[in-house]
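What the sequence shown shows, in the working numbering, is residues 2 to 1156, in sequence order.
No lab work stands behind these hints, which were simulated from the structure alone.
Bear in mind the structure is a predicted one, so any value in this text is a computation, not a measurement.
Misleading hints may appear alongside valid ones.
[As the list claims (entries may be wrong)] Distance condition first, Cα-Cα at most 25 Å in a straight line; then the derived DSS-like pairs of lysine-lysine: (1) K238 with K282; (2) K152 with K52; (3) K238 with K66; (4) K52 with K112; (5) K284 with K326; (6) K114 with K101; (7) K388 with K180.
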Amino acid sequence: MDPLKALKSSFTNIKTKARQSASDRLAAFRASADKDKLSLYAEVKEVHDIKRLAPPTVRRHELVKRRYRIFVADDNEQNGENLPIEIEPPATFPTIAQCKRFIVFLAVTTKGKRLFVEDGSDELLCRTTMTNYLYSFFALWSIHANVVVPKETRNQLLAFIGSERFLSQFALRTKSKPKANADHVDVDILLAQLLNPSSDNHFSANHSRFVVHYAIALSALSAERPGAVVESGAYRKSNESIKYSEHQVHIVPNQDPTLPPYVCLVVTFNLLKNGRTNDSKFKSIIIRPDLESPSSCALMSFLTLAFLDNAFADVSTPEEIFDPKIRPVRGHILQWKPEMMAVNVLRTEELVKKSWKVSDTQALPYSTYIRHLTYLSLKAGFVRMVKPYDTRRAMGEAVNEAKKDSQRRQVMAHDPNSEMWESYVSKLVKFDFQSLFRRREEDGQWTAVFANLARVSFRADASAPDELPFDARQELHSAEELVELRALVAEKQAQLVAHNARAPSSDDNPLFSEWKSQQARLIQDIALLERSHRDIFARESHYRTEVERALYFREGSRRTLLGEVAAPQKLRSHIIVPEVPPVHDNVEVPSLGEPLDRLSADNNKDDLAMTGNNEDDGSFPLGFIYDTLDDMNRPMDDLRAAFFNPPTTVPYPNAIIVNTINAALRLPRNPAPPCFPGEPPTLQGKCPVCRIDVITDRSAVGNRGAGNHIHSCISKECARVALVIAESDYVPQKCRMVGCKKRSEDYKTRADFTAHIRVHIQALSSTVRKDSVCRWEVGSTGSGIICGQDGEDDWYAHFARVHEFNPRATLTIHYCLHCGKRFVDWSGHDDAWEIHCERHYIALFQQWEQRDSQSLMKSTTGPVIAHTNTVEYKSGSGFDGEMPEFHGHVESMIAIHPMYCPFCVYDESKPWKSRMTQFTIADSFVRHLRDEHRKDIGSQLCPVPACGPTTLTFEELMTHLITVHRLPMYGYCRASSVERLKLPPTTTDIPSTKGPTLEELRVAKRRQRKANKVKGWCYGCYRPLQDIFDHLAKKSPDSKCGKQACYSLFDSDDKRIEDKLTYTKEFNDRPATKKSRSENHHFCMVCEQYYSDIRLHVEFDSCPCRTFKIRDPETKSMSGVLNVRAWLQNQSAMAGSSDVAESSGAAGPSGEAGL
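Can you make the complete structure from the sequences, with help from the hints?
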C-alpha cells in the first residue's frame, strides 16, 4: 500500500504533539524499555571504540593484520623478539628496524600481477601496492591501538621502499595498467552484440538481455561507478543497487497540443562512493529518447524492464506513455506500484523449478556484470575486454572537454580537492598538431580518425580465438607436470584394481573393514589427483588463451598485408543439392510435385490448413502444425529488425522506441531452445502439437530436450495427417489375388484393404514356401492372367511398383536434416526419397569414390592421450570440404550435421536410402558401427576409396577409422569443447582366478540352448510359421489357434505333409533355461555386453573379440582390459596344476586351441 495513503487512513487520532523540553525528553527516555540505549547512556567503563569502516577498507585491514601476525610469529622465533601479535591497546608500535623487516616480509609473500601478456612481463609487485600496504599498516595502529605513528617514522619507512638498497633486491613495477576509453562507438558494438545470434545461448532468460543493456547504457551515460548501478563487489550480498524509487518518468506536455508529449527519465544515484551512509550525497541525471540510435537508447531498455516487471501503477503499454489518447496539459510523473518502489531494477538470473528466470529480489552482482561484459567483448573481437570504468573514463573525458570544471566534478562525483579526474583523461592527445602549428582550423576528418585510434573497438576482429586452439590444447596435454599427474593417476588406478582383486570373500571377514577403508583412500587419492589435473589444465588454458589472442592481434598487420584475413570456419548444416536430378535407367520416376498435388486436391480436409508452403521438391509442408504462420516467425528476428533497421516513416517520432519496446515484450521469457530446422516452439514457448511448455517445464520434456520433443511430436502428427490424406484419397476396391476366398468382398476403407493384403504378403514372404508366386490378377477383371513374379525380396515394393498401390498400413516418412524437410512415401516404392539421397551423395561423398591414391589420408585428430587411450578433435571442425564428412556434429542433443557410415555409403549393393542413412543420435551411430560392421572386419581396405589400395589389419583399420575419419568405433568419452574418441583397447595384467574348464562350459551350454525351431502349418490362422510350437504355446485356449490346436509339418524339401497333428501343451512345453543377467560377469569389448563366460561367447556366438573385462561379483568393480588368448592360457595352466595336486585325476580344459 502507498505509504501516504496508509498515513491518511490512520488519521483517526491526533498525530501531532506539543513541543517538549529537554528534561521532558530525558524523562521519557528513562521511562522507555529500550535496554540497549539505557545501558549505553549509563556506561562507565572505558571502551576503545573503532569508527565504522567501509567493507573494502575492512578487508584490506584484515589482510594486513593476517600478514602481520605471521610476521610477528616468525620474527619472535628467529630474532628472539617479543612483539605483540595483536594490534590493540596497550600494544606499542614496532621499532623502525622491525618495520623494515615487515616491509621485506610483505615483498616476499605478496604475489604480483602480470599486466602485459603480449610483452611477456613477469608477475612483479607494484610499488603503489607496497605503499598502500604501508599506509594501511599505519592506519591499523591509529584505529585499533590508538597509536599515532610519528611523521619521522612514516617518512623513514616510505623512504626505505624507494631506496636503492631495497629496489636492488626487489624490483617494483611502476608501469600502470592500460586504461582504455570506451566511447559511444564501442558501447554501440557491445549493445548490438546483445542481440547477435551468437549470444542466444549465453543468456538463460531474455529478460537478462535488457538488464545488461540498461546497465551498460546507464553506466556510459551517467559516467558513474559500477557500484552505484549494480551490486558493488565491495558490498557483496548487500543486495544494494539502483531501484525503481530512484527513477522518475516525467511527462512534459508539447507546446503543440496535437503532438505527443515529451518523455524523459530522471535517475538519482544514491550509492555514491563515500556517500552510501550519507543521504545528502547523491547525483541525478536526465535521459531522453535517443531516436538517432534507438538500439542504444537507455530509456527504451528501462521502460522495457518496467513493463516486464509490471511496475507502473497507471499504465500498461508504451503507447499510453508516448502517444496517449488524452494529451496532457500539464506535466506529471508516472507513479510506481508501492510494492515495486524498493525493488532492484537490475537483477540476476536464478533457477526456479528447473527453469531460469530473473530473480524477483536479488540484485545483479558486479561479478556477473563483468562476466557479461567479458563475453560480449570476446564475441565482438575486442583486443582488450571492456570494463565499466572504460565507459566512465570516456564520458569523463567528453565532459572535461565540453563543460566547466565545476560541472565536471558534479558529473564525475569527485571531491573538490581531488585531482583524480586527471586519471580519466586519455594519455593519447587527439589534436591535429599540423593544423595547430600552422594556425589552421583542425581537420574534422582527421580528428575523427584520431578518435578512432583510442577506441576499444579499434583493431577488433571477431575471428580472434576466445578459447585455447586445438593444437595448443594438445601441446598442453604434453606438459611435464600434467604427464606426471596422469602417471600418478594410472598408478593409483592400478593399485585399486590389484586391491579389488584381493577382496575378502565375505563381509563377515574381520579383514573386510580394513580392506574397505583402504579402497576408499585409494578412490579419494585418485579423485584428488584428477581434480588437481583439471585445475592446472584450466588455469594454464586461460593464460595460454590470452597469449594466443595477443599473438593473433600482433600478427593482424601481416595477415592484412598478405590478404589472409578470412571469416572463421562455419559448420555447413544445410547442404545445397544439385538442381538437376540424376538419370535413372529403367526406372519411371514419379513427379516430385505429386504429394503437393494430393495436398491441394478437392477431396482433402479443409481443416488441415496446409497453406504458406511453396515446396517444389515433394516435401511434406508443416503449415497445419502451427496455429498460424506467425507462430513459425521468431520474435527475436522482429526485435533485431526493430533495433537495427527501424522504419524510416513513422506516425510520430517516438514510435521507433514504442515499436522496439513492443517487440521486446513479445519475446518469450526464455530463449528458444536448440531445435531441428523449421521446427521452433510457438510464440508462447510451447510444443506446436501437444502444447506442453517446452521451455520452462523441463520435467515434461525429459532428458531429450525441447528440440527432440518437438521433432518427435511433429513426426507423429505428420504420420497421422498423412494417413488421413491417404484415407481420403482411397477409392474402394476388391482383392484381385487369384484363389482368395474374399475376392468378391468390396473393401470400403484403406485400413481394411491393406490389412487384407498384408495376409497375402506374409504368406508370400514366408521362407518355408519356396514356390511363392504373385497370383495378383493383371489386366481386366476376370481375365485370369496372374502376375507370376516369384523370388521377390520385398513384396511390399513389388505391389507398389507393379500393381500401383501402397499396401503398407502406415506411410513411411523420411526426415532430411540437411534440408529440414520431411518426405512422405505416398506410392510405397520410395523413389522420390532415393533420388533425394542420391543428390546428397553427389554433394557430399562422390568426389572420394575413386580408389586411385597410393597413400592413406593423414590423421585429423590430435595425439593419443595415454592415460585415457583416446584422441581428440575440435568440436564442430572437419566440415570444410577437405575430407568426407562422416563424423557429424551434435550440440545439446540436436544434430547440426548428420553422421554417416562409410561402410554403407560406398556399398554399391545397397539402395540409396540405406547407403545415405542419416544418424542423428550418437548412441545409435555407435551401435550401428559395432553391430553391423565391427564384428565382421578383418584385414581389408579402408571403406573410403580415396584412402587407396593399402590393406590394413584389424587394429590398424580401427585406428585409421578413428584418427582419420573420426568414427566412434569404440564410442565416445565425455569432454568439453572437444570431441574425444576411444581407441582400440590395450591389454593389462591378467588376474589369477580359476574358473570352470571349457569342456564343462560346453556341456552346460548345450543344456541351456533352446530347442531347434520346427517349421509347421497352423490350421487356426491357416498360414506357415517358422516355429509352430512357439506360436501355439503363446496362444490362449479361447483364441482361434488355441481352439483348433492342430498343425502339420514340412519335409526336407519344404513341402507340407498333409498329416494333421494335435498340439498338446504339456508334452511340447519348454522349460526356461536362460541365466539371470546378474550371473554374467565377463564383458566383451566388441559386443559391449555381459556374458557368463567369454569362452562360450567366443565359440558359440562366433565373436572375433580379442579383449574383455571381468566384473567382480562382490564389489561390482571392473578389471583392466584382458587378452582372451592369454587368459585362456592362464586358465589352462591353473587347471593343469590342479590336476597334478588332486588325486582324482580330473580332465583339464580342452578345445582352447580351437579358439
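Comparing the hints with the structure gives:
| no. | hint | result |
| --- | --- | --- |
| 1 | K238 with K282 | holds (23 Å) |
| 2 | K152 with K52 | holds (23 Å) |
| 3 | K238 with K66 | holds (24 Å) |
| 4 | K52 with K112 | violated (31 Å) |
| 5 | K284 with K326 | violated (34 Å) |
| 6 | K114 with K101 | holds (23 Å) |
| 7 | K388 with K180 | holds (9 Å) |
Checked against the numbered hints given earlier, this structure breaks hints 4 and 5; the rest are met.
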